[in-house]
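Chemist: Those protein sequences? They're chains A and B, same order as listed.
For the first sequence, my numbering assigns the number 1 to the initial residue and increments by one for each residue that follows.
For the second sequence, my numbering assigns the number 1 to the initial residue and increments by one for each residue that follows.
Only true hints are included.
Sample of chain A residues facing chain B (criterion: CB under 10 Å; computed from the structure):
#1 S33
#2 Y35
#3 F45
#4 Q48
#5 A102
To list a few chain B residues with every Cβ distance to chain A over 12 Å, as calculated:
#6 S12
#7 V13
#8 G16
#9 I18
#10 A29
#11 S68
#12 F75
#13 P81
#14 D83
#15 S84
#16 V112
Treat the hints as calculated values from the structure; they're not laboratory data.
This one's a predicted model, so the numbers in the text were calculated from it and none came from an experiment.
Cβ atoms here follow ideal geometry from the backbone N, Cα and C, with glycine treated the same way.
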Amino acid sequence: DAGVTQSPTHLIKTRGQQVTLRCSPKSGHDTVSWYQQALGQGPQFIFQYYEEEERQRGNFPDRFSGHQFPNYSSELNVNALLLGDSALYLCASSLERVNTEAFFGQGTRLTVV
Amino acid sequence: QKEVEQDPGPLSVPEGAIVSLNCTYSNSAFQYFMWYRQYSRKGPELLMYTYSSGNKEDGRFTAQVDKSSKYISLFIRDSQPSDSATYLCATSRNYGGSQGNLIFGKGTKLSVKP
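Chain A on its own, in the form it takes in the complex:
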């Protein structure tokens, strides 16, 4: 049973560019959440997608946007990259019902230079 898979694993971008990160949820899961983890910090919630719609959003600017596809996979897009966007971006999948656990992928390490 494949767990949560993310691509790419590493990425280097230049300030001002745009980036797209991808996530495939664990088999059977229908909800995808994205987190940003800066070095030495805990993950911070960006947003969550369910039924192809953004359902909840954390305290992140509109430069961060996402999408969920009919097969439940998801993309995270970040526009106008800043040096401060350098972080590990984590995708977590879960099932939309009470008391289900969230499983995390290995993350995409984004470096903005």
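Let chain A serve as the given structure and place chain B on it in line with the hints.
Modeler: Same frame as chain A, now just chain B:
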């Protein structure tokens, strides 16, 4: 005040020691509490998941929640070098469950020396 506070350590213990990791939280409405383990350059892995107050045991790991003091703990018995990792406490803003919108502590880096 941060919603979840966790001492980042680092914490270094000898093999076989009992490890105690702790977090505090600010909102009494939080009901679901998790402990994740994160190895270097990897994603977090769920270790323990508890609802409301009380204890939960799984092998060498015990999670405790004290809602009266808003305090959550993870105990590791007979610690092993393979337990060396960063441990993250978390709770969910979704008061009804459904594991989204998690709030994490900073993580405590644990090193178990042989």
